[in-house]
Structure formats: C-alpha cells, structure tokens
Amino acid sequence: MKVLFDCHLPFMLAHGGMQIQIEQTRAALERLGVEVEPLRWWDATQSGDVLHHFNRIPTHLQRLAQERGMKVVMSAFMSGLGARPAWKRRLQKLVLRAARPVAPRRLRDQFGWDSYRLLDAIIAMTPYEASLLTGIHNAPPSRVHVVPNGVEEVFLKSRPAPRGKWLVCMASIIELKRVLELAQMAVRAETPVWIIGKAHSDADDYTRSFLEYARQNSKLVRYEGPISDRERLAGIYREARGFVLLSQWESLSLSALEAAACRCPLLLSDLTWARDAFKDSAAYCPVNGSLADSAAVLRRFYENAPNLEPPPLPLSWTEVAAQIKVVYESILKQS
Amino acid sequence: MKVLFYHLTPFAFAHGGLQTQIVQTRQALETLGVEVEFLRWWDQNQTGDILHFFGRLSTSNLQLAQGKGMKVVLAELLTEQGSRSKRQLGLQRMVRLMVERTRLRRLPFLTLGSYPLADACVALTEWEGSLMRTLYGAPPAKVHVVPNGVEAAFLNSQPAQRGPWLVCTATITERKRVLELAEAAVCAQTPLWVIGKPYSESDAYARRFCSLAQAHPRTLRYEGPIQDREKLARMYREARGFVLLSAMESLSLSALEAAACECPLLLSRLPWATTFFRESACYCPITSPAARTAAFLRQFYDAAPGLKPPAKPLTWLEVGRQLKRLYETLLSAQ
Chain A
1 MKVLFDCHLP FMLAHGGMQI QIEQTRAALE RLGVEVEPLR WWDATQSGDV
51 LHHFNRIPTH LQRLAQERGM KVVMSAFMSG LGARPAWKRR LQKLVLRAAR
101 PVAPRRLRDQ FGWDSYRLLD AIIAMTPYEA SLLTGIHNAP PSRVHVVPNG
151 VEEVFLKSRP APRGKWLVCM ASIIELKRVL ELAQMAVRAE TPVWIIGKAH
201 SDADDYTRSF LEYARQNSKL VRYEGPISDR ERLAGIYREA RGFVLLSQWE
251 SLSLSALEAA ACRCPLLLSD LTWARDAFKD SAAYCPVNGS LADSAAVLRR
301 FYENAPNLEP PPLPLSWTEV AAQIKVVYES ILKQS
Chain B
336 MKVLFYHLTP FAFAHGGLQT QIVQTRQALE TLGVEVEFLR WWDQNQTGDI
386 LHFFGRLSTS NLQLAQGKGM KVVLAELLTE QGSRSKRQLG LQRMVRLMVE
436 RTRLRRLPFL TLGSYPLADA CVALTEWEGS LMRTLYGAPP AKVHVVPNGV
486 EAAFLNSQPA QRGPWLVCTA TITERKRVLE LAEAAVCAQT PLWVIGKPYS
536 ESDAYARRFC SLAQAHPRTL RYEGPIQDRE KLARMYREAR GFVLLSAMES
586 LSLSALEAAA CECPLLLSRL PWATTFFRES ACYCPITSPA ARTAAFLRQF
636 YDAAPGLKPP AKPLTWLEVG RQLKRLYETL LSAQ
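Here the protein sequences line up with chains A and B, keeping their order.
Just so you know, my numbering puts 68 at position 68 of the first sequence, and the rest follows in order with no gaps.
The number in my numbering is simply the position in the second sequence, starting from 1, with 335 added.
Keep in mind the hints are simulated off the structure, nothing from the lab.
Certain hints may be false.
[Stated by the list, open to error] Only pairs whose alpha carbons sit at most 27 angstroms apart, straight line, appear in this in silico DSSO-like list of lysine-lysine:
hint, chain 1, residue 1, chain 2, residue 2
1, B, K403, B, K337
2, B, K337, B, K643
3, A, K198, B, K337
4, B, K403, A, K198
5, A, K2, A, K279
6, B, K659, B, K403
[What the hints assert, rightly or not] Counterexamples of contact, computed for chain A against chain B with all Cβ distances above 10 angstroms:
hint, residue
7, F5
8, H8
9, A14
10, R40
11, A99
12, R208
13, S209
14, A283
15, R299
16, S316
17, V327
[Stated by the list, open to error] The following residues of chain B were derived to be distant from chain A, with all beta-carbon distances above 10 angstroms:
hint, residue
18, A347
19, I357
20, L367
21, R375
22, D378
23, K421
24, M433
25, Q549
26, H551
27, R569
28, R604
29, C617
30, A638
31, A646
32, T664
Everything numeric in this text was worked out from a predicted model, so none of it was measured.
Every residue gets a Cβ at the ideal spot worked out from N, C-alpha and C, and that includes glycine.
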C-alpha cells in the first residue's frame, strides 16, 4: 500500500500543529509498514494507491485522483465552522441544503460542496467535527471516521516533577491564538504566564503589539520565543502550574494534548472541540468574555490548578496511525 | 536570485500544456543562471526570493509568503474566463464588485484579494492581461504579458513537402472538442490526424472519439500521442494545416508549435486566438452546427496550400529572459 500525502499550506510559509500532525502521522505509518510519500506536484511518474489530503481538497483534484484509480482521504479541519455560534451553523446548513441541489456544477466545484459526498473517507479529529461534516456538509456518515491527534512518546514518557509558579501557553503568535489577550488577562489577574511560540511573521502588527506588551510586563509575561527541543518542552509542561490556551478556534489542539500527556492541568477556551475532547477534565474560559471576567477565570484556575485532577492520557502517534491504516485498508478493499 | 515554482495540480494527475510551460520555463531560466526550485510543501527549510505560482494563490498563502519577505508572481491561466461572452464577463465583474462589498469577500476559496496583493501578474496574452485587470482588479502596472515559448526542435525544423493530412494535437477531452472536429472532418471528407491522449482511458468522451476514428479509418487517423518532439515537428512540417477547435484555451502551445513549423492554422474564433494570431490564422466559430463547421474545415483544407504561414513564436529562452527581467525589477524595488 502506497499513500501520497498532500497539503496546500507549505510548511515554509506557516509552522503549526498541522505540520506536526502530518510529520508524525507519516513517521508512525512508516513504522507500521505503510509506504508514505509527500505528493511531488512536478513528478509526472509518481503513483500511489491512496491520496491523503490534509485540509479541504479542491473538487477537481479529487476527481482527477479518483479517475486514476486512487482512493481519496481527507483530514478535515473544521475549526472555524466549529467555533461559530449555533444559529450561524443552522443558517449555513439551511442555505447549503437549499442551494446544493440547484447550483450548477461549476459553482459546486468552486465551493467544494461535492467533495464531502464523493470522498472515499474523511477523517475528523473529534465526534463534534464528524457531526459538522455529516450535518452541514452532507458527508455520508459511513465514510466519516473519528481519529484524534496523537502525542509523541517524549511527552507520554516524561517524568513527574515539582510544579512551579508559571502557567504555560504554547501557541503561534497570531491573532487566532489570542496570546496578546491572554497576556493582558495574566497582567490583570497577576498570574505569571510563560508564552512559548513563534510568529508567522515578525513584521505583522499583532506580533509587534504582543512583543511590546510582553516586554513592558516582563515580570508576569515571559516570552523567549519558541522551543524546538521536545524533551525540554515536556520538562516545562511537567513543571508548569497549568497549561492555558484561549484561542478563537481549534480543531483539536496538539499542544493541549501534549500538556495533557504531561499531566498538566488545562484551561481552554469554552468551545465544543475542547469540551468534546476533554469533558470534565479541563477548566474552561468563555471566548467572548470581558477582560475582567476572563482575568477572574484565569485567577481562579491559577489558584485551583495544584488540586485539579490531571486530564486523561492521549493516544500515541503509533496508535493514531494504526487507526488510519485500518481506514486505508477498508477503502482499498472496496472496488 | 532563487525562484520557487509552485502549482497545485500534480503532473501525475493531468498532463498538458501547463506542464510543458512550467518545465520549459524552468530550464530556460536555469540556462540564464537563475536558480529555480519546485516548491516542496513539506520542507520547512526551503527558501526563495520569489514565489512564482502557476494558478491563483490563496490570499492567506500569498500574505504569508510576503510576510517571509518573498515577492509573489501569479501566473494563472484564465482559460475558461477568456472564452466567455462579453455579457457573461460583464455579469461576472458585477458579481465580483458586489461580493467585494459584503463579508463574503472573506471566504478563502474566493481568493478575491490575491490579484491586488500580488507583486506581479503574468498573462500569456494581452486578452488575458485585460481580464486580470477588469475581472480581478489587478493593478495595471503589475500586469505583464509574457507569452509561451516553443522548443528549438520546432523552430529549427526544416521545410518539407506538405501532404493531405490536417493535424490536430490535443488531449482527448471534451474541452478540446476533438470528437466534434472529427465528426466535421468526416462530414467534410477532409483527412484529419488527431494526436494526443485522454486523461483517462475509461472516459466516455474519449471512448466515443475512438469508436468514430475506428469507423472512419480513411478520414480519421488516431494512433495516440507522440512524445518525440522532432517527429512531431516533422509532422507539422508535412501537414496540410493545423486545426484546433477547442471550446477554451489560454494560449495553445500546440498551435504555437505548429506556427513555428510554418503550418497554416485553423483555430476557434475566440479572443485568445484572434488577438494573438490576428490575420495570420483562419477562424471557425465554436457554436456552429456540425455541417457549418464542416464547411469551414473544407474551405480551410482547400485554401491551406495558398495561405501565408503564421508569424514565428518566441523561444523558451526569450520567454525566460523576459521573466528574469521581471524578477530583477521586483527584487530591485525592495
């Protein structure tokens, strides 16, 4: 079995969870004996049995692959849709239900409406994402498989350590992750927070505002850039008082899973992806609350963190890959 | 100077003129001393000064590339748009202007912000350039017309005695209208040699074409594609004329190759063709019924030996030179 991985967000342009997910899934599948190659768009001789596309696949690409006898799998990221209020999702569902049957093919292709129906398999990371795929995008339920993200062994096998005073947030320095807002809450609540991550571009306004704010409040906001050493990161999660991630939306945050693997208490945005994945084993903060309210939630979490039950251990990447391998095998059996 | 070429439709899934264009442009630029790499999406350490994207890059990726200090060149083939009627184009422009005033403009797959934000937009013809400006709001100063080139095998080919066959080189797909052309050839009794392959052997349109070719072996010759470029050049040299009646094109490479071999051309009456070849080609409306198309084909067949050959196209090296100049201008503007 040979699988071609494809993604239309080049890693050189943006780092983040999707890159880790793709790299770790590939390595784990190879350990399980599955041949995986990244799709080389310029190589007319490259072939494979399965095309696994990460994120939304253009309909024409999917059709071309299927015409060549390949099975097409998509790992869907429903982060933006999942974070919308229920009334907006209901409205979107109604609009799609009315427009899909009458829209010409060109328009359906442009919006990618047919992809969900025609894909051989769709991988969702949470049951909530799966419900969005079937409920809003009309994906056949039998083709939607829930396979969460995994965590590297270095986190799962890390040793307990005495917890210190810092809350830790590991995220890209971009608006979506709301790291500047978190820093402001931390200053207001007087809870020390260590933000780890890098910006997509140092020139963007949001990054500059964050850096300036962190510099002015260095006693409570620690920022030293990203940490690429995974062992060190695991050590930081083990020594942190708690992990905080208050992003606007997520699919299934890898850094939250890594912190969970290090038994670190979690404070997450009160969004369905988080409740779906962590249920009662995390604390939650509303996304749209005022600065004062959010700071109060942060303070409360800071005080309670030492006594909170640790979240459950996530899967390893090998366990994730084993589930994905089953999906590949099942679709290749179908003629 | 290091340029990254990027395109989203893998060559393994779809062959055609764009693949030739990308490969030949890269070779020409490298001959001129420009370092060109294909973008490896999985390689976070790859770097470049210019991202040359063949297609329409999403606005978010475009901004990310510029945020990394790269200049972004968009080279989209507006094949479909270029073949629309004036009324359809007017309507499309109106819809775009309306969408831009609403929150729908933020929908990522509409990529409405890409043209105004790109550092340069490369069009193959003046017509395509005008579409980039009027349909997608590309700033006129950023639109550059750089046509396709032709390989030396065609430009250096030797004249030969022209025979009875009209030649059509095209992928066997609906858009190229090879079945309709074959039907017209049967009706007009003009021998036609179709060279090309379908995207998929199981495709219904390709099967219908093959059946028709088998049923009329005296008028229709079909033996699949020809990879050998020298052989193809010789065929253009020996052909009575070149015919391409596709429903849409950007700037047909095979028409340029035939022109390089001084082969008379019969093309669809579409703006890409009439604005590029002007008086040096014959034209056939694509909306005609089969009998009318057959009449155009017969007329061209009879007139072909007396027609003036079309103008010689550029070499890929000349195309590479124009692009290199453009890259240098962009980088010097920093």
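Structure-based check of each hint:
Restraint check for B:K403 and B:K337: the C-alpha separation of about 14 angstroms stays at or below 27 angstroms, so the hint holds. Note on B:K337 and B:K643: the hinted pairing is violated, with a Cα-Cα distance of about 42 angstroms set against a maximum of 27 angstroms. For the hint linking A:K198 to B:K337, the alpha-carbon distance of about 25 angstroms falls within 27 angstroms, and the restraint holds. Only pairs whose Cα atoms come within 27 angstroms are accepted, and B:K403 paired with A:K198 is accepted, the gap being roughly 13 angstroms.
Of the pairs offered as hints, the one joining A:K2 and A:K279 is violated, with about 37 angstroms between alpha carbons and a cut-off of 27 angstroms exceeded. Between B:K659 and B:K403 the alpha-carbon distance is near 21 angstroms, which keeps this suggested pair within the 27 angstroms criterion. With a minimum CB-CB distance of about 8 angstroms to chain B, A:F5 fails to clear the 10 angstroms threshold, and the non-interface call is violated. Not every beta carbon of chain B lies more than 10 angstroms from that of A:H8, the smallest distance being close to 6 angstroms; the non-interface claim is violated.
For A:A14, the non-interface assignment is contradicted: its Cβ lies about 5 angstroms from the closest Cβ of chain B, within the 10 angstroms cut-off. Under the 10 angstroms C-beta cut-off, the non-interface status given to A:R40 relative to chain B is violated; the minimum distance is some 7 angstroms. Listed as outside the interface, A:A99 is consistent with that label: its C-beta sits roughly 13 angstroms from the nearest C-beta of chain B, beyond the 10 angstroms cut-off. The beta carbon of A:R208 is kept farther than 10 angstroms from every beta carbon of chain B, the shortest such distance being approximately 12 angstroms.
Annotated as non-interface, A:S209 keeps its C-beta farther than 10 angstroms from every C-beta of chain B; the closest such distance is 16 angstroms. Look at A:A283: its CB is around 32 angstroms from the nearest CB on chain B, clear of 10 angstroms, so calling it non-interface holds up. With a least CB separation of 35 angstroms from chain B, A:R299 remains clear of the 10 angstroms interface cut-off, as annotated. Under the 10 angstroms C-beta cut-off, the non-interface status given to A:S316 relative to chain B holds; the minimum distance is some 22 angstroms.
Every CB of chain B is more than 10 angstroms from the CB of A:V327 (nearest about 21 angstroms), matching its label as outside the interface. With a closest Cβ-Cβ approach of about 5 angstroms to chain A, B:A347 is found to fall inside the 10 angstroms limit, against its non-interface label. Distance check on B:I357: its Cβ comes as close as 7 angstroms (rounded) to a Cβ of chain A, failing to clear the 10 angstroms threshold; non-interface status is violated. No Cβ of chain A comes within 10 angstroms of the Cβ of B:L367; the nearest lies about 20 angstroms off, and the non-interface call holds.
In this structure B:R375 is not separated from chain A by more than 10 angstroms, as the shortest Cβ-Cβ distance comes to only about 7 angstroms. Against chain A, the non-interface label of B:D378 is violated: not every CB pair exceeds 10 angstroms, the least being about 6 angstroms. No beta-carbon of chain A is positioned within 10 angstroms of the beta-carbon of B:K421; the least distance is around 19 angstroms. Distance check on B:M433: its Cβ is at least 15 angstroms (rounded) from any Cβ of chain A, clearing the 10 angstroms threshold; non-interface status holds.
For B:Q549, the non-interface assignment is confirmed: its Cβ lies about 23 angstroms from the closest Cβ of chain A, beyond the 10 angstroms cut-off. Non-interface call for B:H551 relative to chain A: holds, since the shortest CB-CB distance, roughly 28 angstroms, exceeds 10 angstroms. Residue-level check passed: B:R569 sits 24 angstroms from the nearest beta carbon of chain A, beyond 10 angstroms. Taking the minimum C-beta to C-beta distance to chain A, about 23 angstroms, the non-interface status of B:R604 holds against the 10 angstroms cut.
The beta carbon of B:C617 sits about 31 angstroms from the closest Cβ of chain A, which is more than 10 angstroms, so the claim that it is off the interface holds. For B:A638, the requirement that its beta carbon stay farther than 10 angstroms from each beta carbon of chain A is met, with the minimum near 37 angstroms. With a minimum CB-CB distance of about 31 angstroms to chain A, B:A646 clears the 10 angstroms threshold, and the non-interface call stands. Every CB of chain A is more than 10 angstroms from the CB of B:T664 (nearest about 22 angstroms), matching its label as outside the interface.
The structure fails to meet hints 2, 5, 7, 8, 9, 10, 18, 19, 21, 22 from the earlier list, while all remaining hints are met.
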